[in-house]
Amino acid sequence: MSTFATQFLKQARAMTADLRHRRIIRTALGNYEIARDQGRSSFQDWESARQLAAEMKWEAVNHLDSYLEAFTAKIEARGTKVHWASTGEQAREIILQIVRDKEARSIIKSKAMTAEEIHLNDALENAGLNVVENDLGEFIVQLRHEAPYHIVFPSMHLTRCEISDLFQRELGSAPTNDPEELTMIARRVLRKKYLTADIGITGANFAIAETGMISITENEGNARLTAALPKTMITLMGIEKVLPKLEDLALFLPMLATMGTGQPLTCYNTMYGGPRQAGESDGPEEWHVVLLDNHRTELLAEAEQRDALHCIRCGACLNVCPIFRNVGGHTYGTTYSGPIGSVITPHLRGLQDWKHLSNASSLCGACTETCPVKIDLHHHLLQNRRNASAAQPSFFERLAYKIFGFIASRPTLWSIAKTLGRWGQPFQNLVKGSALDPAKAWTQTRDLPPLAAESFKDWWRNRK
Amino acid sequence: MTITLFIPCFVDALFPRVGISMVEILERLGHTVACPEEIACCGQPPFNSGYWDEARPVAARVLEQLKDAEAIVIGSGSCGAMVKKFYPELFTNTPQAELAKQIAARTWEFSDFLASKLEVTDFGAKFPHKVTFHDGCHGLRELGIKQSPRMLLANVKGLQLVEMAEAETCCGFGGTFAAKFPMISTAMGEVKCQSAAETGAEYIVSNDSSCLMHLQGLLSRQGKPMKTIHLAEVLNHR
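If you read the protein sequences in the order shown, they are chains D and P. Counting with my numbering, you get residues 393 to 856 for the letters of the first sequence. Counting with my numbering, you get residues 9 to 246 for the letters of the second sequence.
These are computed hints drawn from the structure, not numbers from a lab. Beta carbons are placed, not taken as given, at the ideal position from N, Cα and C, and that holds for glycine. Among the hints, erroneous ones may be present.
As the list claims (entries may be wrong) - With a cut-off of at most 30 Å between alpha-carbon atoms, the simulated DSS-like pairs for lysine-lysine come out as follows:
#	chain 1	residue 1	chain 2	residue 2
1	P	232	D	794
2	P	232	D	824
3	D	856	P	232
Said to hold, decoys possible - Distance ranges between label pairs, derived from CB positions:
#	chain 1	residue 1	chain 2	residue 2	range
4	D	804	P	114	25 to 31 Å
5	P	101	D	450	41 to 47 Å
6	P	114	D	430	54 to 60 Å
7	D	812	P	165	38 to 44 Å
8	D	488	P	106	19 to 25 Å
9	D	411	P	103	51 to 57 Å
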């Protein structure tokens, strides 16, 4: 078992026992579900919208090379510098080089999961820079020295009181339980940071090949300020973010907002087409776009799971996942948690190290059912299991299945097994749930039903 | 019609009443019921754990036993999904690929067979209790069965169906998942039992004994009065 798997089990045990945490998440996601359903009902035909979105993404992902080239040509024509990074390390190095060239000291950063993926903040801080996250949720988890809990709601695991305590401790603010006041405290701190930052770093929700633009969708206006105030802007985005046409956003922006937060549209939707042009009064003087591969092309090469690159990071699959809802986001130990994380992390970070995430699923399919771009999520978990077992089977597990299959397919042996089970069960009951119990994994929390005195097949044979 | 019942391993050993109820219901409707004794397991545990090479010989024996069956009925959405949805995938590019597809097309989950194929929804059953229905995920999402069991329950005299919050949320059984990740499985089951209890129902009814085994196990251990019962037993209750 990989160390990541051991850590997952340990954390899952702790989190499932934390009833308060489970209640907070269930309440928050219950509210999300109401808003999401309301939002979805404003689509004339949600299933057709999903189908269309899946087809648009299919087109983009299956012709990624040409759309990326078109995007790059357009955006460079307006003076943006595009960088191609094959690995996370290369992306970090590209960004550090820009930072060195600009002799930057402080960086303001809006929300970007790709930056989490490549641990960009650590790299920048190690190079002596001051980096401040300016999405409110990200700002909160940064103050706690934590990773985001959820790809859309980074601090959903915290209550107002906990945030108030944190602000008192870290920012010296007065105690308050009022969300608006808490927001104002963060805002006062952050506004100063925007004005003094040398570089602004953003992510991207979509990139448009047709026009050479990136689209950022947000609720706080923080990404706009990140793009508008510092002299240099850096955008880090995964290569799968590209869409063919500007009009595609007419579907994707409401879809992302609906499934992400239950809003018809997020409060701010901005398109960025280049740095400040001649005659313009604002915007960054320089804009760098870093296109990140980091194993995405390997996923692209796998026809069976290529649709995982359709993901628009709305978080809807996390929200409906009963595993996520009970173990929480941090337990996964990955940037991308929940079903999509369990599907792609083995591809991004190694199948044998991360296969436990694909196993930690009841394969209920709620994720696949909700996914707005129709990624076949739970079947991909099954395929990851198949690939992991084929490459590195567990000797005992394989033997157990062989023996069980052999017995269960042979009536006489199956009858004998049932009889032996009936004899053995009273003894097993004596050690029920203890370390001696072979069925301990089940019986620690659950009773086992008794083996029937007369099985169905006995009954069937007797009546004939 | 001759109806071939596929009795899953755990139903055979642990819940024979489910199989017996199915036989009695189908025979009362005038059908001939067959039950190949060679079959116990559909191969789902190794399949879902990724051991497809170990699952294939088990599934191949099932195909062999069922190859001449006119209609195959399974009282479990989960094992039903295995045969109907995953056998064709498991046997892709093998000599049995065609047979797997044919058998899949002739296989039905029990409640859906009654409501959609036979189009019978009233069996003269009486079950004077308040119940809530749990949708097993495989039946619901792999096979798309949602209305059939409810149509059948609607005609049971004395039965009051109260839908629970999150009726479509997984109960946490998930086959080998229940043993590999017992803490998560248990937490999910607790949520389900709580939702069910909030309806004030006396019984959780489902078309999948595997979900019910997990839920009953939790309820019994926690000393809760609520009981679980398979749909077939409710429909056979007079």
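Status of the hints after comparison with the structure:
For the given pair, residue 232 (chain P) sits about 38 Å from residue 794 (chain D) by alpha-carbon distance, which is inconsistent with the 30 Å threshold. Only pairs whose Cα atoms come within 30 Å are accepted, and residue 232 (chain P) paired with residue 824 (chain D) is accepted, the gap being roughly 19 Å. A threshold of 30 Å between alpha carbons decides the hint, and for residue 856 (chain D) with residue 232 (chain P) the separation of about 39 Å lies outside it, so the pair is violated. At roughly 28 Å, the beta carbons of residue 804 (chain D) and residue 114 (chain P) sit within the given window of 25 to 31 Å.
About 24 Å separates the C-beta atoms of residue 101 (chain P) and residue 450 (chain D), a value inconsistent with the hinted range of 41 to 47 Å. With their beta carbons about 42 Å apart, residue 114 (chain P) and residue 430 (chain D) fall outside the hinted range of 54 to 60 Å. Roughly 42 Å separates the CB atoms of residue 812 (chain D) and residue 165 (chain P), a value that falls within the hinted 38 to 44 Å. The given range of 19 to 25 Å is broken by residue 488 (chain D) and residue 106 (chain P), whose C-beta atoms sit roughly 58 Å from each other.
Judged by the Cβ atoms, the range 51 to 57 Å given for residue 411 (chain D) and residue 103 (chain P) holds: they are separated by roughly 53 Å.
Hint check: violations occur at hints 1, 3, 5, 6, 8; the rest are consistent with the structure.
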